[in-house]
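K.L.:
Chains W and A supply the protein sequences, listed in that same order.
Heads up, the final residue of the first sequence is numbered 105 in our numbering, and it's a clean run with no missing numbers.
Heads up, the final residue of the second sequence is numbered 264 in our numbering, and it's a clean run with no missing numbers.
There may be inaccurate statements among the hints.
[Said to hold, decoys possible] Ranges of calculated distance between the beta carbons of each label pair, as one might list FRET restraints:
| # | chain 1 | residue 1 | chain 2 | residue 2 | range |
| --- | --- | --- | --- | --- | --- |
| 1 | W | H31 | A | I179 | 35 to 41 Å |
| 2 | W | A65 | A | G232 | 51 to 57 Å |
| 3 | W | R4 | A | M79 | 40 to 46 Å |
| 4 | A | Q230 | W | P43 | 39 to 45 Å |
| 5 | W | E55 | A | G137 | 32 to 38 Å |
| 6 | A | S151 | W | H31 | 43 to 49 Å |
The hints are simulated quantities; they were obtained by calculation from the structure and are not laboratory data.
Where a beta carbon is used, it is the ideal one built from N, C-alpha and C, also for glycine.
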Amino acid sequence: MSSRERRRGVYKVPGGKLVAVEFAVVDGLLHDVVVTGDFFLYPEEALPVLSVAIEGALATESRNALAARIAAAIPEGVELVGASPEALAIAVDRGLHPAEPEAAP
Amino acid sequence: MSEMSQAQIERWRALDWKLIPGAPTEPLLNMALDEVLAERVGRGERAPTLCVWGWSRPCVVLGRFQSVRNEVDEDAAAMHGVQIVRRISGGGAMFIEPEGAITWSIYAPQDLVQGMTFAESYAHFDSWVVAALRELGLDAWYEPLNDITSSGGKIGGAAQSRRSGAVLHHTTMAYDMNIPLMTQVLRIGREKLSDKGVKSADRRVGPLRQQTSLPRQAIIDHMVNRFATQFGLQPDALSSEEIAEAEARVRDRFGADSWIHYLP
Chain W
1 MSSRERRRGV
11 YKVPGGKLVA
21 VEFAVVDGLL
31 HDVVVTGDFF
41 LYPEEALPVL
51 SVAIEGALAT
61 ESRNALAARI
71 AAAIPEGVEL
81 VGASPEALAI
91 AVDRGLHPAE
101 PEAAP
Chain A
1 MSEMSQAQIE
11 RWRALDWKLI
21 PGAPTEPLLN
31 MALDEVLAER
41 VGRGERAPTL
51 CVWGWSRPCV
61 VLGRFQSVRN
71 EVDEDAAAMH
81 GVQIVRRISG
91 GGAMFIEPEG
101 AITWSIYAPQ
111 DLVQGMTFAE
121 SYAHFDSWVV
131 AALRELGLDA
141 WYEPLNDITS
151 SGGKIGGAAQ
161 SRRSGAVLHH
171 TTMAYDMNIP
181 LMTQVLRIGR
191 EKLSDKGVKS
201 ADRRVGPLRQ
211 QTSLPRQAII
221 DHMVNRFATQ
231 FGLQPDALSS
241 EEIAEAEARV
251 RDRFGADSWI
261 HYLP
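Just chain W, with the same shape it has in the complex:
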């Protein structure tokens, strides 16, 4: 898993908003992370906090560990609304494992 190929994972929070995470995997680490979606973030200028939190994470990291890493990176006074660190971690997971069938609806 060390191609520069861009990966993209998307997750729609039930009753919430959609988050998409794009990245490359280089030497087992997540790189060039871009977070997009129709969520809300206050203040809006804090968007880079989310991609920086994911940048450099191990591609083998568990969803829970990645969610904890993202949660820890969000400073006091920055609020994610309609999405969550867990939602971002699920989107990353889906980008890493696109072939896995989705859970039945």
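Following the hints, put chain A in place on chain W, whose structure we already have.
P.N.:
Showing chain A alone in chain W's frame:
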């Protein structure tokens, strides 16, 4: 339900609300005016304001954090003369045609939502609209986080931003929908459709023309009257300074590729 308490109504009534009626405006100028007016209300240079928007041409308004290519078919948009603009608040893309949408912004001091969660403040700022729609015979309600809906389908969605001590709350409701054009220009994601598929019966869009049979302007007039009766509202207009400041921001930022394609 998110009806306002008497104390909340009093807090709104205590403000000296101004109305800017909608005149057809370039989409890019609307994007910039939203920021300029929010900042001016936050700094106390303008009284709290309800601004009804007019659109001079069709456009897609992207949310602050959306990727252009994931939301829009740019070739199809160009072919149909649909402009692509990006607003300052988060949330989802809106497909706007001048006579097809009803859009307004409220600029208010942030103390109006003191102690509320973001989710509560979304419902709070649209509760007068839900009441106005009910007076028109709809069984409208607020669907968290940011939707206005009824048994006839989803009617509209809101977004909020906070700027220099002000809350900007803007909402767009569908009046009439050109679904063939919208589906050519907007890419409706598979994830989103699957979510809507789960609750397709109550998530379908129900434009107000279909739900009320009223002219667009009659709905706007009713909403504005409801606001005026409940909270007080004085007619106002944009100042030449406000327009000049917004035009400068269109040149420097909102019209620039670095803003519109900020997330390609």
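K.L.:
State for each hint whether it applies.
P.N.:
Against the structure, the hints:
Taking 35 to 41 Å as the suggested C-beta distance range, the pair H31/W and I179/A conforms, at roughly 40 Å. Taken as a hint, the range 51 to 57 Å holds for the pair A65/W and G232/A, whose Cβ atoms sit roughly 54 Å apart. At roughly 33 Å, the beta carbons of R4/W and M79/A sit outside the given window of 40 to 46 Å. Checking the proposed 39 to 45 Å range against Q230/A and P43/W shows it is violated: the Cβ atoms sit about 31 Å from each other.
Checked against the hint of 32 to 38 Å, the C-beta distance between E55/W and G137/A comes to roughly 52 Å, which is inconsistent with it. The given range of 43 to 49 Å is respected by S151/A and H31/W, whose C-beta atoms sit roughly 48 Å from each other.
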